[in-house]
Amino acid sequence: MVDAPSVEVEGVWKIYRSGRSRAPLVALQDVEARIGKGRFVSIIGPSGCGKSTLLHVIHGLVRPSRGSVRVGGKAVEHPRNTPDLNRAMVFQDAMLLPWKTVAANVAYGLRVGPLARKPVPPGEIRDRVEHYLRLTGLTGFERYYPHELSGGMKQRSNLARALVTHPEVLLMDEPFSALDAQTRELMQEELVRICSRESRTVVFITHDLEEALFLSDEVLVMSSRPGRVLERFESPLPRSRDLAIKGRSEFIELKWHLWSKLESEVRKTLAGGGERG
Amino acid sequence: MKEDNEVVTPEWEGPGRGAAPRRRYIALGTLSLVLGVIAWQVIARFTNKLFFVGPWETVEALLELARSGELQPQLWLSGLELAYGFGLAALVGVPVGLAMAVSRNVEALLDPWASILYATPRLALGPLVVLWLGIGISSKVLLVFLGAVFPILINTYVGARNVDAQMKLVAHAFGATRSEQFRGILIPGALPHILSGCRLGAIQGILGVIVGEFFGSRGGVGNMIFAAAETFDTAKMFVGIAIFAVAGLLASFALRTVEKWYAPWKQNAPE
Chain A
1 MVDAPSVEVE GVWKIYRSGR SRAPLVALQD VEARIGKGRF VSIIGPSGCG KSTLLHVIHG
61 LVRPSRGSVR VGGKAVEHPR NTPDLNRAMV FQDAMLLPWK TVAANVAYGL RVGPLARKPV
121 PPGEIRDRVE HYLRLTGLTG FERYYPHELS GGMKQRSNLA RALVTHPEVL LMDEPFSALD
181 AQTRELMQEE LVRICSRESR TVVFITHDLE EALFLSDEVL VMSSRPGRVL ERFESPLPRS
241 RDLAIKGRSE FIELKWHLWS KLESEVRKTL AGGGERG
Chain B
1 MKEDNEVVTP EWEGPGRGAA PRRRYIALGT LSLVLGVIAW QVIARFTNKL FFVGPWETVE
61 ALLELARSGE LQPQLWLSGL ELAYGFGLAA LVGVPVGLAM AVSRNVEALL DPWASILYAT
121 PRLALGPLVV LWLGIGISSK VLLVFLGAVF PILINTYVGA RNVDAQMKLV AHAFGATRSE
181 QFRGILIPGA LPHILSGCRL GAIQGILGVI VGEFFGSRGG VGNMIFAAAE TFDTAKMFVG
241 IAIFAVAGLL ASFALRTVEK WYAPWKQNAP E
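These protein sequence lines are chains A and B, in that order. Residues in the first sequence are numbered consecutively from 1, following the working numbering. Residues in the second sequence are numbered consecutively from 1, following the working numbering.
Careful: at least some of the hints might be erroneous.
Straight-line Cα separation of at most 27 angstroms, BS3-like style, residue types lysine-lysine; simulated pairs [to be verified]:
(1) K49(B) <-> K100(A)
(2) K118(A) <-> K100(A)
(3) K260(B) <-> K246(A)
(4) K255(A) <-> K260(B)
(5) K118(A) <-> K168(B)
Covered stretches of chain B (chain A as the covering partner; in silico rule of three or more C-beta atoms under 8 angstroms from a C-beta of chain A) [unchecked claim]:
(6) 28-36
(7) 50-63
(8) 171-180
These are calculated hints, taken from the structure and not from any lab test. All C-beta atoms in this analysis are idealised placements derived from N, C-alpha and C, irrespective of residue type, glycine included.
Kindly generate the complete structure, drawing on both the sequences and the hints.
Here is the structure:
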C-alpha cells in the first residue's frame, strides 16, 4: 500500500496585483504536485519562475490566490496558526539571529511559535539541540556567534534549526547557492547522509541541475513565469549516493536530459530580460 | 633565487594601513596626547594668566575646589540634571521610537514632528525654557530632555525599521507571535541603534546642561564657568570645561563599550 502523500498542491495559482496601471503578475499558474512521504523532491526552474513562491505557499507564509495545499493531510495555514507545526524551512541565506549563539539559534523554533506552547519534559530541548548539532557536525561550536562562522557552518546551523523541530516536511530554499563550489558539494553529500537517517519528506528548491539530480528521488521542472510544473522526472539513480556518482556517464546523460527540458524555459526568461533575480 | 620577493602585501591593504600593530597605535595616541599637554603648558607660559592657564594650574585649581568643598555640590547638581533629563529622554524616546516603527499610524502622526524638532537647534529654546520654568532644576532637566530625546527616538525608530526583513521572515516561518517577534527580533535587532542613539543623546544632554546653566541657574558646573568668567577666574573656568569634556568622553566611552559588547557582529574585527 502506498502512503498518503505528504504534500499535496492542487490547482494553485498565485497572482500579485500591484499598482493600478500594471497588469497583474501571475507567479504560479495552476501548479499541481503530490509529494510522497519520505521522498526527496527537487524543484528546478529558471530564476524568477516562482519556485520560492511555491515553497512559501507550501509553508503557509503566502496564501494562494486559488487552489489548495495540504501537508500531512491537513490544509495549510500560516505557521502561527498551526498548533501542530509539521514543516520547517531552511533559508537561502542562513538567516541566523546574530545576537544568539549557534545553540540558541538552533533552539529558536522550539522557543517561539506553536511548538513553544507544547509541554516538553525538562532537558528535552537541550537534548534535541545537542543531537542535531552533532548530526550536522556543529559540536564544539555551540557557543559561537554566527559572525564567527564560515558560510558552510552557518548553513549547517540553518539546517539544524529546521531539523530540531522534527518536521514532517523539510522545505529548503536554495540553501547551498551562496556557498563556494567545494563547500556546496560537501554540503550536498552531508545532506544525503542526514536525510538517509532522518527519512523526512524534503522539498528542495534549486537552479542547479546537478544538485537536483544528485539529491533527489524526483525532480519537478518548472516553466518560466508564469510558473507551472512542466515535467515530473523520476530519478533512476540508486538512493544511496556519494559525490563520485556525478562523474558517471549515466548521471551526465540524465543531467543533459533535464537540461533539454529546461533550456527553452531559461531562454524565455533571458529574452524577457530576467526581471527578477 | 627571487624567492625573497614572493611575499607581497595585497594591494588593497596598502602600505602599513591595517597592518599597524595595536600596540603602536596606542603608543602613537598616547604620544600625541602627551605632546598636546606639553604644548598647552608651553603656550600657558607665554600668555597672560588672566586669559589662559596651563594644565598644571588647572589641576591645582581642581584640587583646591575639591578641598574647599565648593566643587562637589555643583558637580552633584549638574549630574542630577543630566541624569533626570537623560533618563526621561530614554524613557520616552525608546518606546515612542519603537511605536513609530511598529505602527504606520503612529509613524504618520509623529514623523513630521520628530523631523521638525530634530532639525531645530533645541539649544535656541534655552532662554524660553528658563523663562517658563525658572532657574530651578526643572528648566535644566527639560533642556537635557529636549537635547537627548530626539537622537534616541530617531535612532530607535530607524534601527527598528531597518531590522532585517529576513529576520522577520525567520520569525514568521517558525510561527512566532507578534509579541515574540517584538521581543525576540525587533528589540534585540534595534538595540545597537538604540545604544548609538543614547550615546548621541548623552552628548546632546551635556550641552543642554551647559546652556541651561548659562541662561539661568543657582548652581551647577556650567553656572560655575559662567560665574568664574565674570570674575576673571580663568583657572576655575578651565576646570569646568575639563569636567564637561571628561563627562562627554566617559559617557561616550561607556555606551560604546556596551555597544561593542552587545553587538560584536557590527564590527568584523575580532579582538
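Task: Unsatisfied constraints (hint numbers, rising) - done: Of the numbered hints, 1, 3, 4, 6, 7 do not hold.
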